[in-house]
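Going down the list, the sequences are from chains H and L.
FYI, our numbering numbers position 348 of the first sequence as 336, with every residue one higher than the one before it.
FYI, our numbering numbers position 388 of the second sequence as 397, with every residue one higher than the one before it.
Don't read these hints as lab results, they were simulated from the structure.
Wrong hints could be hidden among the right ones.
[Claimed, not checked] With a straight-line Cα cutoff of 30 Å, these simulated DSBU-like cross-link-like pairs (lysine-lysine) come out:
#, chain 1, residue 1, chain 2, residue 2
1, L, K256, L, K390
2, L, K533, H, K15
3, H, K537, L, K896
4, L, K904, H, K537
5, L, K904, H, K15
All figures in this text were calculated on a predicted structure; none of them were measured in a lab.
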Amino acid sequence: MVLSNMTMKKIFQICSVALILVGGCKKNLLDTHPNNQVATSNVWTSDALTVEGVNGVYAALRGGASSGTGDMLYELYSMDRYGVTGQDYQQVELTQGTATVNSGLFSTAWQALYEGIARANDAILNIPAKSPSSATKKGQYVAECKFLRAYFYYRLNQVWQGVPIYLTPTDYNKFNHPKSTADQVWAVIINDLTDAINEPNLPAKYAAGSTDYGRVTKGAAYALRGKVYMYQKNWAAAIADFQQVKASGYALYTGAGANSYSQLFKLANEQCPEMIFSMQNMDLAGYGSDIEWYCGTRASFGSCWSYYSGTPYLADLYENADGSKFNWDSVIPGWSSLTPAQREVFFIRDGATPAELAAAANRGAQISLYLPAGNQARVMQAYANRDPRMTQTLITPYSSYQGSGTTYKWQWPFRSAASPNYDIQADNTVGFYYYRKFVETGPSEISARNQIPVDFPIIRYADVLLSWAEALNEASGVTQAGLDLANQVRARAGVALLQNTNSALPTYVSSQDDFRQRIRNERRVEFPNEGVDYFDELRWGTWLDLKFKPGNGPMFPWGAAYYTYVNQGNYITTWPVPNSVVQITNGNVQGTAGWTY
Amino acid sequence: MKKIYPISPLLGKASNALLKKCMLSMLLTLFCALCMAQAHKVSGIVQDNKGVPLPGVSVKIKGTAIGTVTNTEGAFSINVPNDQAVLTFTFIGFIKQEKLVGSAHTITIVMAEQSNTLNDVVVVGYGTQKKADLTGSVATITGKSLQDRPITNLSSGLAGLAPGLYVHQTTGQPGSDGASFNIRGTSTLSSANVLVLVDGIQGRIDDVNPQDVESISILKDAASTAIYGALGANGVVLITTRKGTGKSTLTYNGIFSGTTPTRIPKYLNNSVQYMNLLNEASLNVGGAVIYTPDIIKPYMDAATNPNGLTPLGIPNYVAYANTDWAKTAIKRSDLQNNTLSVSGSADNISYLLSIGYINNTGIVGNSGYSGYRARINVEAKVNDYVTVGTTTFANYDDYGEANSSDFLNYLRQTTPMAYPYYNGFYGIDPVPVDGATGNVDSRLYTYTGDQTITRLNSTWYLKAKLWKGLSFEPRFNYSPVFNEDNYYTNPKNLLFKNFQTSTAVSNTDQADPTSLYAYNNFSKSYMLTMESLLRYNTVIAKNHNIGILLGYNQYQVHAYNTAITAKGLVDGSVNAISTASSFPSNPTGSITSNYAFRSFFGRLNYNFKDKYLFEANLRRDGSSRFGPQGRFGYFPSVSAGWNIYQEPVIKRVLDKADINSFKIRGSYGRVGNVASGDYDWQALYSTVNTSLNGTPVVGVRQSKIANPILHWETTAETDLGLDILAFKGLSFTADWFNKSTSGILYTPPIDITVGTASAPTVNLAAVQAKGIEFQLGWNGNKGQFRYSVNGNFTYNYFNNVTQYKGLITNTYGVNPINGGVSVTNNISAVSTGGSTRVVQGHPIGEYYLQTVYKGTGTYVTSSGAVDPNGGPKDGMIRSDADLNWVKAMQAAGYKFAPVNTVGASNLYKGDLIYADNNNDGIYGNTADAKFQKVSTQPKYLYGLNFNLSYKGFNLSALLAGAAGMSFYTQYDYVNSVFVRNGSSIPTQVANNHYSSTDLNAYYPRLKTNDAIDNVASNFWLVNAAYLKLKNVQLGYTLPQRIMDRFGGKVIKSLNIYVTGENILTLSGFKIGDPELGSIGTTYPIMKQYALGINAKF
């Protein structure tokens, strides 16, 4: 077939069009780059990326998750439900008797803490090797990351008592280090903290308002190392470190007089000199704490869930203002001869309807003791003239709580959250000692329940003081120096000071063991809802006895358990290495004794 | 059809009946011969069996090139040279017909529709092929089987229409109710998306208006999909839209239907019963009564006088409500779907313009959807060598702002005590235990605003004939999608009241405009495609047909979004984000997707006399989703076929058996799947939130572990097939396939000691799928009565993971009580999943569950000792004797898990106990889980399609079903014995649970907290096989004479029909629609009854 010129011309035109189309091909078409992530090769190679990498290690304090996600597992306060001063109205495996080596609690915490370690390892190796930042900055950053790595190992060792140690970035398929002993882990922690303390470019303390506020300080490193020495019962070393904390400029907050304790946990004081190291929070989605979500009630802003509350054990532990032990019988004679169910009667509101009384009777309340007009006044005496921290920490019966716009009241039995009752309403059941501490009041303090802006203290000076007192007492018995340390905390709270001179007074400290018990109680009433107590009780060896006392469980103020705890075995004081770790390492990491794998 | 020969060579061998017919023909021929005359003009009309004129039918004088085409009235006229002339009539989709003209001057031809005959032309990858010449496995669906059905999207209409294709709707949400489908089972563990090409360009199946579809091809085997290389592993669906032919025709198609859910979970709607059951549940676990008698009594009193007024003047039925939320919230949805199209061809141009409008009010408030779909297909022949054209469409969708995908979740989170709406207020649950409002109506109207999605898709192409048999076809496509979602809190929706106390609930934190939110979300994505094809077809020495295709394709996809949340509005009616007073979270947005593909491909076809068929394909693909080391892959395939019928010796035998065609074929090919994320091959650091001194600072952390050698998943597939036509009406196709996928991209379980960085994506696993597919059809007629039956059946008899983290190995120990052998395995190390597992040697997602204990009920052995096999027969502790057996077992040292303590709040009467399958002495710990030999994937798929027509009437039915799969049905508040105030109680549990008054009930006792009965066990596993009557349709086409008399000038033809979709479901799975997949709270599938009109102007 012969083509005409015309046709040839057309073919030429077509080919030109085609060429233009094909010419549209980019040579590097397949080389695409993300614009929302940083390639590995670039990280640590600029000043900005260096500090951003270090900030990433800080973010792991919340357990690897972004903050304010509404996942209670990640924030420290949630650990209080396992302690003896806190409770969770929902059943949780550890206290329900059903924890297994596959339980999410253990694997989630393990993974989250090792995530922090992985980020710190990355920074500690790569900052000296790759970063162009100044030597001063690099020294500071590495020291910060060593502190953070020490903190993550500290958290692991507190409950696992011996874990595998990784100090350099490791390939994902080479995680097969066997478990080190608790002592070996403490040694690693002390080593990192000592490095941080010896770093000349790490400041002792940041002033409030400093743009770097929230970063690790030398004071924090001393405080943490002192706490680690407590675990090792190396009292002298602990005391020496606590002295250094004081020398760094940390002090108790007393700026609001009698209200200092309650004001300490407000936004205005989150940078006061008492805060040695705290998790940084902000009122911005993804940057705040969800503490109110889980501790606040339906009366709180945003309608919160009140999973966690204080125990009657805690409430009863608060001394009378004169330092004597609180005793229900002195307020309500005959209290101790009644069963917890019978005692409910004392908590019933004035003017209860026959139906309400009948229902209470049905639950076992001793209705014959009900005072139609004076019932509330009677029980409220129990909450008067006590250690002021009680009402600053807990919403006690018939006290008020300013919720979102309206003032609500703890009243029993619950009628309605609306006018005219304004009863405090909770997520599923009502009537516990709900937390007041760390739960914001009124709508002005927050804008959303999962972005609480108040920094959450990880170590504060009161902890140092009481640990210091404990170390002194353990090392040398009751001393004035030790009493003074504890009394600083008591004085700020507004409760009578301890002494060892007048044995007639309830504040008389009679022996080393008496002081030991008093310091422990002081810690229990000072730190509720701060994620301190559970670890303390484990360290003291008191957890099993107190948590699994017969009949114990999440309790109403009158001592009736919502359900009862089950101690599945004394081995649960050591958390089990997650089953998946044992399996995936083919047993290189051995399971924890006592647990069934 | 029967050919008429003047002197039949068949005569001698014909049967008697045939003989008679032939004799008649001969007589006729003789008669005609007598009347033989000179050339004359013949005119006539061609119509189908319904009497509808067929435009565009090719009319030719046999043996010549002389011919014409029927016009829009189906009329033609042609000059024939003599009375012996035979006219042949051909039209796609109809059986070719020949007619001896004789002396007739006018003739009427009725053409019969053709289905699945070997003369069909089938669309294949980058071209078309005669069905007779196909060597791969391709199923086809004609546009006809989709038109006139009340479906608003194409995908959900495909169920049951083709073998090997599993189509199931995963939601019925208006505007999002497209179906998901897979071809030949699941051959990967990563995403198994079927490649969909609309007129040759990658796209979404539901972007196409079903009325615009000309044909759909489903490419199943690797030989057919290898031309799509790395995109083809999960099968390919090719959709061809209609082109204009004949004289300009305006067509209107309208469907008006009412829709209601097929099956949804049912909940208790009696408040007294509800409260009593919650009390029962709380008492069961040793808790206090939740609803005291003083709360319940007024409800009982009110029930005797529902219309009475409370002291506050509110009707009893409001204050003491018994709300049936499903009834209140769900209304019949009105759906209309209209399409108007103009199509035709003239001179050198052909065109199809269509516009569609869909409106679906939705079954719940604020969930409506409306959509517009416009299409322009134009093709212009510039000259003999060059044709240019476009296929362009634009869709605009508008969705209601109800979170309707979650509305069944609302139904399970409410109580009958809340009253929906009265006197300007939404009711809350007034019973003073739980404050959750649970008002389904108010939750549906939480937001107002608009979500609109605009899709544009334009392809421009050119077809140029360069040389004899050589053509060049470049094309270019741009397809952007814009999604705008702007919504606001609805302040009117925040007024709640407790109707018992008549107090408004102070929800001021939201009703106050300073607390109102406005959200603006915008996303855009687009795809750019460039493609060039070079084709060459030639015939050498008459019998050697050769076809060659060479091609190049590249495409790139970009997508990003911006989302802003603003708070603090001036007023509920002012919602521009610029007027907001604060921004409680940082705006989000990024390029979420950015990838590109570059491919070269080629094909060679060869056939000898249509008898020996051969085809080979090769494609080289490169993807930006892999690093330089693993970027390119080659994907070859070969296939061959043998038309045995064409062998003269065999033909004679087959003809005797009345077999009209017989072909065997086989193929082998390798195709790929790119399932990884855009940057999985490299390690990346992503940002993480943290702050210092009350100011956000940027933090980065490694979020993904790298794998630089990441590459393609490869699927090798063998297919053997058989195609038979017989008895002049029967068609049969069978295929056997064996698909092996290796290097499946997967993120293996890694040691959690690594931290939270995602595991690397590696080419780890392998999966094999084997199955057989059959299609059997019959077309027949008795006079004007025509019928067809088409059935298809697929049996995926093997679908296992063949390589993963190793086989399960057992460790043996000693049962501490009876000294027997106990077994534990390493399941967590070698598998992933929970109640369904991915593990080597088992079907994908096979259920791995504990099993309910089954005993003899005799309690003790002959020696009087406790008998471990003597426990309750059905595994539920029902009597004191059962409970005593449990205690005796414990005394003997056995343990029960997850709870071993006997007591009301722990293990008690009405609880299940689980088998000690591993014989470790603990009944029901995780080590007792067993594989259940069943997964959620159906093993059997089938479809059956009937069609009957008589004169203008047409009746059709489509059945589709699946079998061989099970669903796990434990789901809190939907199918569970765990109850909680504020959440619904399912009816089937309420009416049939263990209690002191119903000792033989099916479900365990009710509890307010449960660790025992919701253990993942086979108690909750239900066979989910189903058969659905997908569609029934009765239509009537008005006869031509009526049309002529009445609307003929305006309306050329009119067809009206009534149809029902999803009207019957047979299944043992009752809690929801089994087609949706596992139990959940997705928007239900709809049952529809519709009236349709199809008019041509």
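We went through each hint and held it up to the structure:
Between K256(L) and K390(L) the alpha-carbon distance is near 17 Å, which keeps this suggested pair within the 30 Å criterion. Our distance criterion of 30 Å between C-alpha atoms is met by K533(L) and K15(H), whose separation comes to about 25 Å. Between K537(H) and K896(L) the CA atoms are separated by roughly 25 Å; this keeps the pair inside 30 Å, and the hint holds. Among the hinted pairs, K904(L) with K537(H) is consistent with the structure: their alpha-carbon atoms are about 24 Å apart, no more than 30 Å.
Taken as a hint, the K904(L) and K15(H) pair is broken in the structure, with Cα atoms around 68 Å apart against an allowance of 30 Å.
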